[in-house]
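Here the protein sequences come in this chain order: A and B. Counted the way the working numbering counts, the first sequence spans residues 1 to 114. Counted the way the working numbering counts, the second sequence spans residues 1 to 448.
No lab work stands behind these hints: they were computed from the structure. Please note that the accuracy of each hint is not assured.
Claimed, not checked - Straight-line C-alpha distance at most 20 Å; calculated EDC-like pairs for lysine to aspartate or glutamate:
(1) A:K112 - B:E115
(2) B:K201 - A:E20
(3) A:K112 - A:D35
(4) A:K44 - B:E179
(5) B:K242 - B:E131
(6) A:K112 - B:D203
(7) A:K44 - B:E327
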Amino acid sequence: MSTTSPTTDRDALPDVPDVENASTEDRLYADKYTDHEDSHLGVKVAGFCTDKCDTDDCVAVCPADVWRVEGDDEVPTIAYENCLECGSCRFACPHNNVAWEYPERGAGVSYKYG
Amino acid sequence: METPDYDNEFDAIVVGAGLAGSAAALAMANQDLDVLVLERGQSPGTKNVFGGVLYTPTVRELVDIDDAPLERYVAEKRYGVLTETDETAVTMRPGEWLEEPHNDSYTVLRGSFDEWFAEQAVDAGATLLTETTVTGLVREPGGGAAEGRVVGVETDRPDGTIRAPVVVVAEGANSLVSEGAGLRDHHDREDVAVAAKEVLKFDRETIEQRFRLNGDQGVAYNYFGEGAVGDAVGGGFIYTNKRTVSVGVAYSIEDAVASDQNPEETLNDFKQHPAVAPLVRGGRTVEYSAHAIPEGGIDAVPDLVSDGALLAGDAAGLVLNNGVHLEGTNMAVESGYQAGRAVAAAVDGDDGSVDDRALATYPEELADSFVVQNLQHYDFFQELAVEDREFLFSELPRALADAETEYFAVDRDPKEAHAEAAKDRLLDAAGGYVGAAKRAWKYRKLLS
Chain A
1 MSTTSPTTDR
11 DALPDVPDVE
21 NASTEDRLYA
31 DKYTDHEDSH
41 LGVKVAGFCT
51 DKCDTDDCVA
61 VCPADVWRVE
71 GDDEVPTIAY
81 ENCLECGSCR
91 FACPHNNVAW
101 EYPERGAGVS
111 YKYG
Chain B
1 METPDYDNEF
11 DAIVVGAGLA
21 GSAAALAMAN
31 QDLDVLVLER
41 GQSPGTKNVF
51 GGVLYTPTVR
61 ELVDIDDAPL
71 ERYVAEKRYG
81 VLTETDETAV
91 TMRPGEWLEE
101 PHNDSYTVLR
111 GSFDEWFAEQ
121 AVDAGATLLT
131 ETTVTGLVRE
141 PGGGAAEGRV
151 VGVETDRPDG
161 TIRAPVVVVA
171 EGANSLVSEG
181 AGLRDHHDRE
191 DVAVAAKEVL
201 KFDRETIEQR
211 FRLNGDQGVA
221 YNYFGEGAVG
231 DAVGGGFIYT
241 NKRTVSVGVA
251 YSIEDAVASD
261 QNPEETLNDF
271 KQHPAVAPLV
281 RGGRTVEYSA
291 HAIPEGGIDA
301 VPDLVSDGAL
311 LAGDAAGLVL
321 NNGVHLEGTN
331 MAVESGYQAG
341 RAVAAAVDGD
351 DGSVDDRALA
361 TYPEELADSF
371 VVQNLQHYDF
381 FQELAVEDRE
391 FLFSELPRAL
401 ADAETEYFAV
411 DRDPKEAHAE
421 AAKDRLLDAA
431 GGYVGAAKRA
441 WKYRKLLS
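Please model the entire structure based on the sequences and the hints provided.
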């Protein structure tokens, strides 16, 4: 009897069409966005990020590259104008340290399709 | 900006013109209540995201949907389990779904549907204010509540306080107002999923050929397993609209933070799956969106009425995900509808007094409805999915793929040997006959 030897490496499969994924930048560029000057996102207590956090869950969960920790950063930088307003960072932070407000007066992302 | 004074001018305020909010406003306006709907987006729907399929039984109870901006009706459902390289799927196309009302299942785009649905509430007499963000609730001492009774809302408009006898909070999953006002607790992250979605543009003919669709037919595909969202609890989806295809992933935030890739990368991987890529390739991204989904089940549903405020829709955690049924829009509309009816019965339009016993009928009615009944019936699933994740999302998809490859293997051996080996592979994954029987028992409620 022959036994099947399953292929587990996707890249090794022939005839799988390449899906050209837009970059994060191009994806966000497709969205309609109304600028607002003040960030609707922040950290409540910067010291919590410095002293209590070594997992950066806000960065890991964000679908839009809003939360960033680069180099020796101890407190994330926030590219709030990328924000898709899902709120996941607020739920993800185990220290409940994400300050989140709805952008005011219709500002922020405006979904056309949703 | 001109700001009419809305303070004390209305019988009730609804926070959010999504499906729950507009349903509540419709129910109240239909009973001749003066209702004010506050929406933070530039128009209703602009802040809203779902998969999605809209289930319309309660919508049809409230309005005529002949003119509604529906995309396609669901003519085909598919449930696929994916390994990295394999798909095993069940596809169904019952003839009955071709007939109206199409099992009350339609793909829609929230930008247009929510705007239309809110217009129906306005046509019924509700007042809609857009670009108005509710930033908190106003309480006043009294009413038997320790922290005082909710008597209105704070907004970001000039002179932003607007008072009314009752407030329905239908603000959505990222429930800042209800948490801030102490109407609900902060969600635990194991009770919330993160979803990332893309809307891809095609021409209509490409969609109809690719998915075998005629006229207004559409598909709803749900995918599970490690080929969909890695080792996370969750899944991927594809829904066809008229000229666009919605593709996305949704999975537990608890798993997302543990994963070495972010939701966008998970979406990219899902789209590149050998069984998915041919369906989504070539589309132009016209929108990228994300949303949180409350999936804590019945245990995470807060008190639906407290101190003169009512919670409905996602803000109340009313979402069902048992792996087979992925529902939220119908529960949002039903909860808004029931909340609106209770408010209409409770508020005296002449003197603004509120009958709290009438308000309390809202959770009672909802408890008797499919919304709470379904959440209770399938309450076991989320916990099981987490407990059995390795089996459900990894071992089972692999065993199925191995077994089917074996069973259908074409060579010069007798088929009996292949059939035997396929059976052994499945039994091995399930833990033998005893293990298989135990699992069948554990999951029996899924099909009942």
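Each hint tested on the structure:
1. A:K112 - B:E115: Given pair K112 of chain A, E115 of chain B holds - Cα atoms ~11 Å apart, limit 20 Å.
2. B:K201 - A:E20: holds, 13 Å
3. A:K112 - A:D35: Distance of about 16 Å is within 20 Å: holds.
4. A:K44 - B:E179: At roughly 16 Å apart (the allowed maximum being 20 Å), E179 of chain B and K44 of chain A satisfy the hint.
5. B:K242 - B:E131: violated, 29 Å
6. A:K112 - B:D203: holds, 18 Å
7. A:K44 - B:E327: violated, 34 Å
Violated hints, listed in ascending order, are 5, 7; each of the other numbered hints is respected by the structure.
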